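Chemist: Under full-length UniProt numbering, the sequence shown is numbered contiguously, ending at residue 331.
Just so you know, these hints were derived from the structure itself, not from any lab. Treat each hint with caution, since some may be false.
[Said to hold, decoys possible] No farther apart than 30 Å at their CA atoms in a straight line, the calculated lysine-lysine pairs in the DSBU-like style are these:
{"hint": "1", "residue 1": "K247", "residue 2": "K237"}
{"hint": "2", "residue 1": "K83", "residue 2": "K6"}
{"hint": "3", "residue 1": "K131", "residue 2": "K187"}
In this text the structure is predicted, and so the values were computed from the model without any measurement.
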Amino acid sequence: MTNIKKLGDSQIEIECKVPAEDFDRFFKLALKDFKEKVELPGFRKGAVPERMVLEKVGDALVLESAAELAIKDLWPRLLREEKIEAIGRPEFSITKLAKGNSLGLKIKTTVLSPIELADYKKIAKEANSAKTDVVDVSDAEIAETLEMLRKNNPAYFKEGARLDSSARQADEEKMKDAIRQNLEFEKKRKAKDTHRMELLDKIVSASKITVPGILMLSELEKMEFELKNSLKDMGLKWEDYLEHIKKTEEELRMGWKDDALKRVKFGLVLREIASREKLIPQEKDLDAQVDKILLEVGEEDRKKASRAGLKEHIFGRLQNEMVLSLLEGEK
Numbered sequence: 001m002t003n004i005k006k007l008g009d010s011q012i013e014i015e016c017k018v019p020a021e022d023f024d025r026f027f028k029l030a031l032k033d034f035k036e037k038v039e040l041p042g043f044r045k046g047a048v049p050e051r052m053v054l055e056k057v058g059d060a061l062v063l064e065s066a067a068e069l070a071i072k073d074l075w076p077r078l079l080r081e082e083k084i085e086a087i088g089r090p091e092f093s094i095t096k097l098a099k100g101n102s103l104g105l106k107i108k109t110t111v112l113s114p115i116e117l118a119d120y121k122k123i124a125k126e127a128n129s130a131k132t133d134v135v136d137v138s139d140a141e142i143a144e145t146l147e148m149l150r151k152n153n154p155a156y157f158k159e160g161a162r163l164d165s166s167a168r169q170a171d172e173e174k175m176k177d178a179i180r181q182n183l184e185f186e187k188k189r190k191a192k193d194t195h196r197m198e199l200l201d202k203i204v205s206a207s208k209i210t211v212p213g214i215l216m217l218s219e220l221e222k223m224e225f226e227l228k229n230s231l232k233d234m235g236l237k238w239e240d241y242l243e244h245i246k247k248t249e250e251e252l253r254m255g256w257k258d259d260a261l262k263r264v265k266f267g268l269v270l271r272e273i274a275s276r277e278k279l280i281p282q283e284k285d286l287d288a289q290v291d292k293i294l295l296e297v298g299e300e301d302r303k304k305a306s307r308a309g310l311k312e313h314i315f316g317r318l319q320n321e322m323v324l325s326l327l328e329g330e331k
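Make the full structure from the sequences, and use the hints.
Modeler: Right under this line is the structure:
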């Protein structure tokens, strides 16, 4: 029998039992494991009688090991059967542990509360109808970019100066066209990103979302990790950066709270829409992306990389892209 009690901050407490006959099976498995490890004079390793193994290690150790095995078996099954969306690491407390008896457990875990999602298709249609795909690139922007290229690549432009005036003009016009295309592409990309963020913001604002504290903490840690990596790439030290901005780590995190909350809510909304629309990236696309990343990194990083971890990260990214494409397609 399973009892579930709601606690504060998106937490629940589960009281349950592993029946005596099931726990006895785990006790035997645990004892078998100890039997393979215990060594006693006059016996080959793994051939010590179970009675003597129990005398050697004691019932308590075998019971604890059996409880661990039972919990590993129970937890994923419990989540499926009770339809619990647990996040973070659960806390297990053993309330009853005795040979020949059922195993009593109390489990405390954080869960995702149901999201009261707004009519995201209606919001997307309204936002998309007001969107324009036209971007303007002025002559002044092209001239500014061209001047920057001249400063950064003096050798190339010095070589071009040797051409006759008509050839030089044709070369410059060709370059201006390329600059215009690049600026248009970049502006369209930025406009698309801005539209997506505004669209998500509208859906989030119109929805009711409870954010567990553990997700906020995780997002703040992620933001700190991203900043530290960025500083490292620029050859800067974390301590020097904090000294430069005259803030402690805690003050920095406090300043990130609003952004962290928004990022978590965006993630929860994307996840919920993906679930409702049954948007799942194909296995071949995941494998292709993983292979591409592993080919681009060095040999040492390739050895350290976890294919399963990469796949999980890419799954989320591709799924988010599927959701955003769906929303952008609402007309």
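Chemist: A separate judgement is required for each hint: does it hold in the structure or not?
Modeler: The hints, checked one at a time:
1. K247 <-> K237: holds (14 Å)
2. K83 <-> K6: Holds: K83 and K6 sit about 15 Å apart, inside 30 Å.
3. K131 <-> K187: Holds. K131 to K187 sits at ~14 Å (cutoff 30 Å).
Against the hints set out earlier in the document, no violation occurs for any number.
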